[in-house]
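Chemist: Spelled out from the first residue to the last, the chains are:
There are 2 protein chains.
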Amino acid sequence: MKTYINPQFSEWHGLTSRPTKEAQDLQKTVLDVFARIKIDKDQALIDFTEHFDKVKLKSLEVSSQEIEEAKALISDELKEAIQLAASNIEKFHAVQQEQVQVIETTKGVSCWREFRGIENVGIYIPGGTAPLFSTTLMLGIPAKLAGCVNTILCTPPNKEGKIHPTILYTANLIGIKKIYKVGGIQAIGALTFGTETIQKVDKIFGPGNQYVTAAKQVAQNFGVAIDMPAGPSEVLVIADKTSVPKYVAADLLSQAEHGIDSQVILLTTCEKTIKEIITEINTQLTVLPRAELARKALENSRGIVLNSIQECIAFSNLYAPEHLIFACEKAEDFIPKIINAGSVFLGNYSCESAGDYASGTNHTLPTNGYAKNYSGVSLDSFIKKITFQKISAEGIQNIGPAIELMAEAEELFAHKNAVTLRLNDLKQ
Amino acid sequence: MKTYINPQFSEWHGLTSRPTKEAQDLQKTVLDVFARIKIDKDQALIDFTEHFDKVKLKSLEVSSQEIEEAKALISDELKEAIQLAASNIEKFHAVQQEQVQVIETTKGVSCWREFRGIENVGIYIPGGTAPLFSTTLMLGIPAKLAGCVNTILCTPPNKEGKIHPTILYTANLIGIKKIYKVGGIQAIGALTFGTETIQKVDKIFGPGNQYVTAAKQVAQNFGVAIDMPAGPSEVLVIADKTSVPKYVAADLLSQAEHGIDSQVILLTTCEKTIKEIITEINTQLTVLPRAELARKALENSRGIVLNSIQECIAFSNLYAPEHLIFACEKAEDFIPKIINAGSVFLGNYSCESAGDYASGTNHTLPTNGYAKNYSGVSLDSFIKKITFQKISAEGIQNIGPAIELMAEAEELFAHKNAVTLRLNDLKQ
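Chains as they are written, first to last, in the working numbering: chain A, 198 to 625; chain B, 198 to 625.
Here chain A stands alone, though its shape is the one from the complex:
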């Protein structure tokens, strides 16, 4: 971690930069895979899975027998933990449901919004050694609460053609019925175009490697929506004398272990604090299985001493972190100043791991500065808000003359005429 003591404001912009990665242009690769899926459908998926995942599948769909086997493989303790997390995530997202409010904007003119779940949603869960069953909860639970009719989960099989049991257990727990063994570009292609087995969806959610990310980007050109632009995970911690250095160090490391392109930023008002935290990081690193990844991520990372907590918040707003841990006793006093962040953790006990797994908030959040213009995943992400209006004879008489004038000023005379005809009939 590089440290900077009281950098000039003119240097701040440079200090908010993310580690740049050579963006490989994968568009052609994606379009080639998509073209094959449009023609050969299921057979294309089976072929790509054999090629990329080194397993020849007989069936793309996970069977109920496989679900039962998965259940038997999970300890009761882990089941209870997952259930607690699911319950908290459900509680937090359930209150995001809005009530229909009818507004009479002018007498006789009633307007309101109704909420409908997006009918068909796809959830992508990456494979690999660390099975992200927590993401299954974060995406599957709001989909269920939103009333999405079809929730389809795709995740790549291992070389034995199996899905990790924690993913199957979790998906089953929250009621996802359609689980398919397909990953990478081909999974996104299947969700975009549909095959004999996998239904086309309206919106695709979930994290993934650079191929999945590129495929989601391209899928948008074929009428599918996606959750948000993807980027490496990141945390910014604001610490002062009231912070506990070993907790801060642990929080920074829990971000750094995600991958070498993760970024951690430490802001503090106190040079001594930064030294103590770096010492703690080095101690804790020695026992971490993913220490190598974390060490490389820390090379991209910055510890910055600033003059005040206000300055730390101003820097944080400029950086717009995915996660902001505000590890100070008085953190709550500064909430109104926090403008750009995905998710905020206040005080010494609100560690990022809590939000990653079990406190109830969603862990699918905007990265790479997108917290300036995007929100994290919530119930909203699975819902459409449709406006309705019911105008009475009195209502059109009240607003009709204004519409006629405005339509005429925009030179849209058919728009005007639609009102004039009605008003004339009401004059009789």
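No wet-lab data here; the hints were simulated from the structure.
Restricting the straight-line Cα-Cα distance to at most 20 Å, the calculated cross-link-like pairs of lysine to aspartate or glutamate (DMTMM-like) are: (1) A:LYS443 - B:ASP622; (2) A:LYS276 - B:GLU605; (3) B:LYS534 - A:GLU295.
Take a look, some chain A residues computed to stay more than 12 Å from chain B by CB distance: (4) PHE206; (5) ASP244; (6) HIS248; (7) ASP437; (8) GLU496; (9) ARG499.
C-beta: ideal position from N, C-alpha, C; glycine also.
Using the hints, position chain B against chain A.
Modeler: Here is chain B on its own, set in the frame of chain A:
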């Protein structure tokens, strides 16, 4: 308008297709303009405006004198009409503000969302003969309610270097202070990268021609968000014996006059109704100034007789119209069945023009089938929802063991350790 009598369900999918337009690949053109703007900033804007809009500007910014001149040019009647519309739009969008709700998901674990306006937003208003001052209201009012700090409006000047007075009057009325004379790709480039005069924004809103649409698409690759994918405007009307044929005809025409790529769809349960409406369309067309545009749009349009209102709604959900006019007396009984639509107009007096201008609902809506996966513009579009959590010592003791188990199962040991350290301290 082509008519179809009771088409088979297998034909429905084809009947929901939009008029295909040869999508010109404008990406290179956009990138060239963007590259020039990044280097030459204001000078590039002035040069492009001279080239495309045929006017050499001395200043990009609209002056307060120009605003005063515009005010003097608008009739009092039109001012009052705009004020009525603004008031209704404000009423409808103001109630979309959510209250902060703190949820204790587990004892000691408090989670909530706070709402922050996107700091910098850009509004694009096209030029041309029909000045879309109504769109200024639809985008500027929710931006103001959301608390966006900087709202920047760009619109192309005419050959005299002027902006239409209705746009200036409207923007000024709702408090937009920064209005710039720049249109097309160069306006989107200026909002994306910033120049000496025009500030870079976080999100760009507004309609435009194919160049503007392409530029907004490309801008997304540079960290800017956009309101939604753009497409030609469209309406679907469901009519039965309780509908008034001349009103339905007027509503279909008010959509068709937008442009030759607009689409109108008429669904009805009654063959006689469709004939009466087509007769009315032909009568009304004779007196419309934009009859030629409307006539061409009608060539892409369809009148379809179906067996029941339920079938009409099922077809409408498949088509997912931007505007759905449900011109039947019993329309309200069917609201729960409406799943995919941008904005819905119920009964004989709720004409689309009302929502376009003055009822209060937003007219920036998803087209081209995107009502399946996108909502129209609302207060949400100008807001970020940030999750917060505050966990007490008791809270982390309650959920900590679950987090440890889940992190371990995902093989993320630093995530686990962040909890373990805290729990160990609390055991002492």
